[in-house]
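Go by the hints and put chain B onto chain A.
Residue numbers (my numbering), protein chains in the order written: chain A, 1 to 285; chain B, 1 to 311.
Please note: incorrect hints may appear among the correct ones.
[Stated by the list, open to error] Here are some chain A residues pointing at chain B (derived, C-beta under 7 angstroms):
#	residue
1	Gln173
2	Leu175
3	Ala179
4	Val182
5	Thr185
6	Trp192
7	His194
8	Ala201
9	Pro202
Bear in mind the hints are in silico, worked out from the structure with no lab data behind them. Just so we're clear, the structure is a prediction, and the values are computed from it rather than from any experiment. Don't be surprised by glycine CBs; every beta carbon is placed ideally from N, CA and C.
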Amino acid sequence: MSAVPAAPRSRLLRRFRRSRGGMVGAVIVVVVILVALLAPLLAPHPFDATDLLNTWAPPDHVNRLGTDRLGRDIASRLIMGARVSLLVASSVLAITLCVGVVFGGVAGLFGGTADGLIMRAVDIVLAFPEVVLAILVAAVLGTGTTTVIVALSLVWWPGIARLTRSLVLVQKQELYVDAAIVCGTPRLEILWRHILPNIAAPLLVRASIGVGFIIMAEATLSFLGLGVQEPTPSWGSMIRDGLPTLRSDPYLAMFSSIVIGVTIIGFNLLGDGLRDTLDPRLHGH
Amino acid sequence: MFHTEAGPREVLHDISLQVQPGEILGLVGESGSGKSVTALAIMRLLAEQGRISAGRIALDGVDLLGLDAAEMRAVRGRDIAMIFQEPMTSLNPLITIGLQIEESLHTHLGLRGRGARDRGIELLIEVGLPADRYDAYPHALSGGQRQRVMIAMAMACAPRLLIADEPTTALDVSVQAQILALMRKLRADHGAAIVLITHDMGVIAQMADRVAVMYAGEIVETAPAVTLLANPVHPYTRLLLDCIPTTRRRRARLPVIHGQIPGFGSIVAGCRFRERCPIALPVCAAAPPQLEVHDDGRAVRCWRGDEAMTT
Chain A
1 MSAVPAAPRS
11 RLLRRFRRSR
21 GGMVGAVIVV
31 VVILVALLAP
41 LLAPHPFDAT
51 DLLNTWAPPD
61 HVNRLGTDRL
71 GRDIASRLIM
81 GARVSLLVAS
91 SVLAITLCVG
101 VVFGGVAGLF
111 GGTADGLIMR
121 AVDIVLAFPE
131 VVLAILVAAV
141 LGTGTTTVIV
151 ALSLVWWPGI
161 ARLTRSLVLV
171 QKQELYVDAA
181 IVCGTPRLEI
191 LWRHILPNIA
201 APLLVRASIG
211 VGFIIMAEAT
221 LSFLGLGVQE
231 PTPSWGSMIR
241 DGLPTLRSDP
251 YLAMFSSIVI
261 GVTIIGFNLL
271 GDGLRDTLDP
281 RLHGH
Chain B
1 MFHTEAGPRE
11 VLHDISLQVQ
21 PGEILGLVGE
31 SGSGKSVTAL
41 AIMRLLAEQG
51 RISAGRIALD
61 GVDLLGLDAA
71 EMRAVRGRDI
81 AMIFQEPMTS
91 LNPLITIGLQ
101 IEESLHTHLG
111 LRGRGARDRG
121 IELLIEVGLP
131 ADRYDAYPHA
141 LSGGQRQRVM
151 IAMAMACAPR
161 LLIADEPTTA
171 LDVSVQAQIL
181 ALMRKLRADH
191 GAAIVLITHD
201 MGVIAQMADR
211 VAVMYAGEIV
221 ETAPAVTLLA
231 NPVHPYTRLL
241 LDCIPTTRRR
251 RARLPVIHGQ
261 IPGFGSIVAG
271 CRFRERCPIA
281 LPVCAAAPPQ
291 LEVHDDGRAV
301 RCWRGDEAMT
311 T
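Bound-form chain A, shown alone:
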């Protein structure tokens, strides 16, 4: 038995530090976030300065990662692109997690009519391809970052809602939920205090995997001209720009993919680390 238990917060932090993957992920995510915040200071060149005499340049000492088809510095554009990509990914995740967890949780916990209505709404949304929904949103809001966020949120919440509902249904069978009901705890409080912490782990994993998908989806929408507009760079649109010349001038697609890949791995490691840290069952005294 531990003599004097440390305050819960510092104990969590210590546990998290012990998870190596989680720390690596945290470092990557923090670096990416810092880069996004400090982008204008870090970028070696203006992200939109074209140089038509120096297009598709390989990496050299001026353009460390080469240039794109308009001669713009890839490194600077990747640094600026972190802003858009992270903004889109984090907004979409925040919105879909809130909406999806609330609707999925209510559907799973209350069942009956609420369940039927919510899950049929989910089915309807899932029946549309995401691009169609995005075009619909773009028609209403015009193109731009907001459109991407709204469109992707619309497409994403049903998946989270379904996942949450199924997780809640499993937890509902657990006796501790009955025990809480027997204590007279209101149902929404049972959802919030008892069930949510128990389903947070799979949701976290889902969210960290989601970052990658959202970045890619943002690229698709930008490709169709619905999303982020030139000259503002986003990682997804940079990959898209680099793909046609992959054989002759691979640097644009390659470096953008590496940046996205490392970022996604960072979020996944962070998600895993958080899951392990937050579960007291994995830590004896």
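Chain B alone, transformed into the frame defined by chain A:
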């Protein structure tokens, strides 16, 4: 009444139980006899397909069936508390036991923060756990300790009725004795009425003031514990008591009650026990016996009850 895919099925029939403050009522019967369903019905926790088609569940004269959902929620935990059979899974694994004990305190008494914590620690000490376990997570406790936490949670608001659904079944014998002693102490300290559900006649003998024996969704015999254990009347009760191993009777084999309890879809006409009854008569198949009340506070549901009383 349960609504199943095969149409409505009557699960409990004519259950009438009374328990006074400070009294322990033992509810016994084999698996599937309807003990737990009775408990859930009292708490109004039957699953969606379950319905109470007739009757009254009164607590101090207030009919619980007449309460709306919010009023019923206020009763649960404050006036009636419940302890489950499985202490290993009845606690939320991600919340410290202290916070789980505090839950009732703040739902029903509005206690928060320091006040709730102090009261919670008092409860923890009252059920015999050291105060420094207050911030422990359930996985760090043994089954017996968890059941003590469950009892602390149940007693948090000093309920007038405590329903214990096989509270000691999942525990080993020495821990079982400690938990039973704890429940007796709480009864003495708080004067709560306790409904103790079990299939263990030994537990009944130690704990109960009165006993109700259930079979296939009916009460077949109810009597003061001393009377029932010394002189069982209903053939089912007799057979149940015969099945307890003793040190006095040295028999090669324990007797067995042959056959199985009828599923609630296939309940036969007449007496529900007659197919397994060693003393069944033609009349037992003809009509179901009624619960007849006798002078010594006993009630028996058997056509040959009077006969057995006199012999």
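Results for each hint:
1. Proximity of Gln173/A to chain B is violated relative to the hint, the smallest CB-CB distance being about 10 angstroms (cut-off 7 angstroms).
2. Evaluation of the Leu175/A hint against chain B yields a held restraint, the C-beta minimum of about 4 angstroms falling below 7 angstroms.
3. Look at Ala179/A: its Cβ gets to within about 5 angstroms of chain B, closer than 7 angstroms, so that hint holds up.
4. The beta carbon of Val182/A is positioned within 7 angstroms of a beta carbon in chain B (closest approach about 4 angstroms), and the interface hint is therefore held.
5. The interface hint given for Thr185/A holds, since its Cβ lies 6 angstroms from the closest Cβ of chain B, which is under the 7 angstroms cut-off.
6. Interface restraint check for Trp192/A: the shortest CB-CB distance to chain B comes to about 12 angstroms, outside 7 angstroms, so the restraint is violated.
7. Annotation: interface hint on His194/A holds; nearest CB of chain B at approximately 5 angstroms, less than 7 angstroms.
8. The interface hint given for Ala201/A is violated, since its Cβ lies 10 angstroms from the closest Cβ of chain B, which is over the 7 angstroms cut-off.
9. At a threshold of 7 angstroms, the smallest CB-CB gap from Pro202/A to chain B is about 13 angstroms, leaving the interface hint violated.
Hint check: violations occur at hints 1, 6, 8 and 9; the rest are consistent with the structure.
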